[in-house]
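Peer 1: So you can see what is in the structure, the chains are spelled out below.
Number of protein chains: 2
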Amino acid sequence: MQRLLLLSNSRKPKGGWLDHVEPLIKDLIGEGRRKVLFIPFAAVTISFDAYVAMARKRFAQMGYSVTGAHKSTPASIRQFDAIVAGGGNTFRLLAETRERGWLAPIRTRVKAGVPFMGWSAGANLACPTIRTTNDMPVVDPKGFNALNLVAFQINPHYTDRKLKGHGGESRDDRIAEFVKMNPAVPVLGLREGSLVKVEGDRAQLLLGPGARLFRRGRKPRDLRAGADCSALLVRPA
Amino acid sequence: MQRLLLLSNSRKPKGGWLDHVEPLIKDLIGEGRRKVLFIPFAAVTISFDAYVAMARKRFAQMGYSVTGAHKSTPASIRQFDAIVAGGGNTFRLLAETRERGWLAPIRTRVKAGVPFMGWSAGANLACPTIRTTNDMPVVDPKGFNALNLVAFQINPHYTDRKLKGHGGESRDDRIAEFVKMNPAVPVLGLREGSLVKVEGDRAQLLLGPGARLFRRGRKPRDLRAGADCSALLVRPA
Numbered sequence: 013m014q015r016l017l018l019l020s021n022s023r024k025p026k027g028g029w030l031d032h033v034e035p036l037i038k039d040l041i042g043e044g045r046r047k048v049l050f051i052p053f054a055a056v057t058i059s060f061d062a063y064v065a066m067a068r069k070r071f072a073q074m075g076y077s078v079t080g081a082h083k084s085t086p087a088s089i090r091q092f093d094a095i096v097a098g099g100g101n102t103f104r105l106l107a108e109t110r111e112r113g114w115l116a117p118i119r120t121r122v123k124a125g126v127p128f129m130g131w132s133a134g135a136n137l138a139c140p141t142i143r144t145t146n147d148m149p150v151v152d153p154k155g156f157n158a159l160n161l162v163a164f165q166i167n168p169h170y171t172d173r174k175l176k177g178h179g180g181e182s183r184d185d186r187i188a189e190f191v192k193m194n195p196a197v198p199v200l201g202l203r204e205g206s207l208v209k210v211e212g213d214r215a216q217l218l219l220g221p222g223a224r225l226f227r228r229g230r231k232p233r234d235l236r237a238g239a240d241c242s243a244l245l246v247r248p249a
Numbered sequence: 013m014q015r016l017l018l019l020s021n022s023r024k025p026k027g028g029w030l031d032h033v034e035p036l037i038k039d040l041i042g043e044g045r046r047k048v049l050f051i052p053f054a055a056v057t058i059s060f061d062a063y064v065a066m067a068r069k070r071f072a073q074m075g076y077s078v079t080g081a082h083k084s085t086p087a088s089i090r091q092f093d094a095i096v097a098g099g100g101n102t103f104r105l106l107a108e109t110r111e112r113g114w115l116a117p118i119r120t121r122v123k124a125g126v127p128f129m130g131w132s133a134g135a136n137l138a139c140p141t142i143r144t145t146n147d148m149p150v151v152d153p154k155g156f157n158a159l160n161l162v163a164f165q166i167n168p169h170y171t172d173r174k175l176k177g178h179g180g181e182s183r184d185d186r187i188a189e190f191v192k193m194n195p196a197v198p199v200l201g202l203r204e205g206s207l208v209k210v211e212g213d214r215a216q217l218l219l220g221p222g223a224r225l226f227r228r229g230r231k232p233r234d235l236r237a238g239a240d241c242s243a244l245l246v247r248p249a
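Protein chains in written order, with this note's numbering: chain A, 13 to 249; chain B, 13 to 249.
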């Protein structure tokens with residue numbers, strides 16, 4: 013049974029890093045000195061080492077040890093009790109995860125029940141593709157297919173606000189483009205502070221202001237924290 | 013000698029479509045009933061036919077005829093006096109332009125002196141790659157390389173404003189990521205209303221609030237309308 017925490021972002025506006033989800037992380041990963049594989053590949057302006065050091069410090073506060081995927085190999089994946097994908101640039105994250113051979117092993121382990129958590133770019137990595145990222149395509153990931161742990165797309169940092177007087181597409185415009193080009197795939201616009209918790213065939217929206225759901229041929233619909241999203245896990249026939 | 017007009021966007025906040033650049037378009041394309049090849053492939057939520065119809069109406073006001081690239085073939089490119097690439101979704105624009113075989117013929121004709129104009133996604137198409145687009149990657153263009161008419165990248169709709177209280181990267185953060193990953197390539201963040209006019213080895217920033225220039229190892233620098241940008245045309249050795 014797969015168990016996932018997919019977060020829009022990693023902190024509340026004035027909160028500490030991952031503070032708002034600490035109880036959920038502890039519930040996901042469990043008690044004791046569990047070994048966490050941290051995927052730092054979304055980092056661009058800081059080094060992978062620096063990103064792993066940040067994660068190591070934060071997860072140590074919960075009693076977990078952290079190994080950076082750039083210092084490990086896919087062949088060693090069975091030694092880890094949980095997998096955590098950090099945010100940053102989604103294109104870089106997917107490019108490095110694929111090139112270093114981690115995509116298939118991570119998917120296999122998570123499908124076998126190893127807990128997975130990702131925020132922002134890391135949440136996008138859990139989707140069928142990265143086609144709903146907000147990031148700039150600063151590197152070519154050589155294909156947009158991702159971990160495909162769930163059947164829907166997440167748009168992290170979702171907002172329906174817009175800069176006044178500024179042209180270019182709104183977020184809703186962009187997601188409408190996605191739905192037009194990919195009609196079979198629903199998109200969950202996850203507002204900041206909110207997340208999706210998946211356990212097997214159950215999914216629930218938790219914390220924060222909720223999400224907006226976009227599906228082909230239907231009006232976008234706002235969902236509140238607590239809403240059941242299990243229907244989104246069902247793959248189109 | 014190549015002649016280009018590369019626009020951040022296609023209108024002023026309260027202006028009509030392409031009104032702010034009509035004199036520049038007439039100067040670019042010339043007098044008489046010139047034949048314009050219009051590239052409508054950035055359209056997602058409207059059809060290519062509908063986009064071409066809009067362009068046909070607007071360019072007819074300047075005395076030009078318009079043919080949509082989706083109704084023509086790359087083999088017929090020599091019959092056109094100018095090439096215009098419309099805005100929309102950059103990934104879709106590049107995907108269709110490449111798949112239908114237009115990339116190389118357009119580049120060849122423009123390098124031979126056929127005037128080229130593009131706005132937003134259409135301006136990105138003129139760059140080495142589309143790696144500085146703001147758009148959502150709703151389709152996979154199977155590679156990010158574009159027309160490579162100029163040696164620098166444009167970020168259209170550039171703004172240094174940010175939604176208050178919203179997380180995620182600012183535009184400057186995103187461009188900093190690009191520069192980190194692609195250190196040899198300068199990025200011109202073109203503010204709305206501004207454009208770059210290229211004639212051979214000369215480039216000038218024109219109209220509107222100007223641009224911000226990002227280069228590896230240097231502080232971002234604001235440029236005003238009128239600034240000479242010819243140095244950006246020089247390819248790194």
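Fair warning: there could be bad hints in the mix.
It does not matter which identical chain is meant; a pair holds if it fits inside one copy or across any two.
Calculated pairs, EDC-like style, for lysine to aspartate or glutamate (alpha carbon to alpha carbon, straight line, at most 20 Å) [claimed, not checked]: (1) Lys123 - Asp39; (2) Lys47 - Asp61; (3) Lys123 - Glu211; (4) Lys83 - Glu34; (5) Lys192 - Asp152; (6) Lys174 - Asp61; (7) Lys192 - Asp61; (8) Lys69 - Glu43; (9) Lys26 - Glu108; (10) Lys69 - Asp185; (11) Lys192 - Glu108; (12) Lys176 - Glu108; (13) Lys83 - Glu43; (14) Lys69 - Asp93; (15) Lys123 - Asp93; (16) Lys174 - Asp185; (17) Lys174 - Asp234.
If you are wondering where the hints come from, they were derived from the structure by calculation, not from laboratory data.
Peer 1: Hints first: check each against the structure and report whether it holds.
Peer 2: Hint check:
1. For the homomeric pair Lys123 and Asp39, the shortest alpha-carbon distance inside one copy (18 Å) is at most 20 Å, but the shortest distance between copies (61 Å) is not.
2. Only within a single protomer do Lys47 and Asp61 lie at most 20 Å apart by alpha-carbon distance; the minimum there is 17 Å, versus 56 Å between protomers.
3. Proximity of Lys123 to Glu211 under the C-alpha cut-off of 20 Å is restricted to the intra-copy arrangement: shortest distance 11 Å within a copy versus 57 Å between copies.
4. Taking the shortest Cα distances, Lys83 and Glu34 never come within 20 Å of each other, neither inside one copy (26 Å) nor across copies (57 Å).
5. In the homo-oligomer, the alpha carbons of Lys192 and Asp152 lie at most 20 Å apart only across protomers (14 Å), although the nearest pairing inside one protomer, at 23 Å, exceeds that limit.
6. Taking CA atoms no more than 20 Å apart as the test, Lys174 paired with Asp61 passes in neither setting, with 35 Å inside one copy and 29 Å between copies.
7. In this homomeric assembly, Lys192 and Asp61 come within 20 Å of each other (Cα to Cα) only across copies, at 16 Å, whereas the closest approach inside a single copy is 40 Å.
8. In the homo-oligomer, the alpha carbons of Lys69 and Glu43 lie at most 20 Å apart inside one protomer (17 Å), although the nearest pairing across protomers, at 67 Å, exceeds that limit.
9. Taking identical chains as interchangeable, the C-alpha atoms of Lys26 and Glu108 are never at most 20 Å apart, the minima being 31 Å within one chain and 44 Å between chains.
10. Neither within a single protomer nor between protomers do Lys69 and Asp185 lie at most 20 Å apart by alpha-carbon distance, with minima of 39 Å and 25 Å respectively.
11. For a Cα distance limit of 20 Å, the shortest separation of Lys192 from Glu108 across copies, 16 Å, qualifies, whereas the shortest one inside one copy, 29 Å, does not.
12. In this homomeric assembly, Lys176 and Glu108 never come within 20 Å of each other (Cα to Cα): the closest approach is 37 Å inside a single copy and 32 Å across copies.
13. With identical chains, the CA atoms of Lys83 and Glu43 are never at most 20 Å apart, being 25 Å at best within one copy and 63 Å at best between copies.
14. Within a single copy, Lys69 and Asp93 get their C-alpha atoms as close as 18 Å, which meets the 20 Å cut-off; across copies the closest is 62 Å, which misses it.
15. Taking CA atoms no more than 20 Å apart as the test, Lys123 paired with Asp93 passes inside one copy only; the shortest distance there is 13 Å, against 57 Å between copies.
16. In this homomeric assembly, Lys174 and Asp185 come within 20 Å of each other (Cα to Cα) both inside a single copy, at 11 Å, and across copies, at 18 Å.
17. Within a single copy, Lys174 and Asp234 get their C-alpha atoms as close as 17 Å, which meets the 20 Å cut-off; across copies the closest is 24 Å, which misses it.
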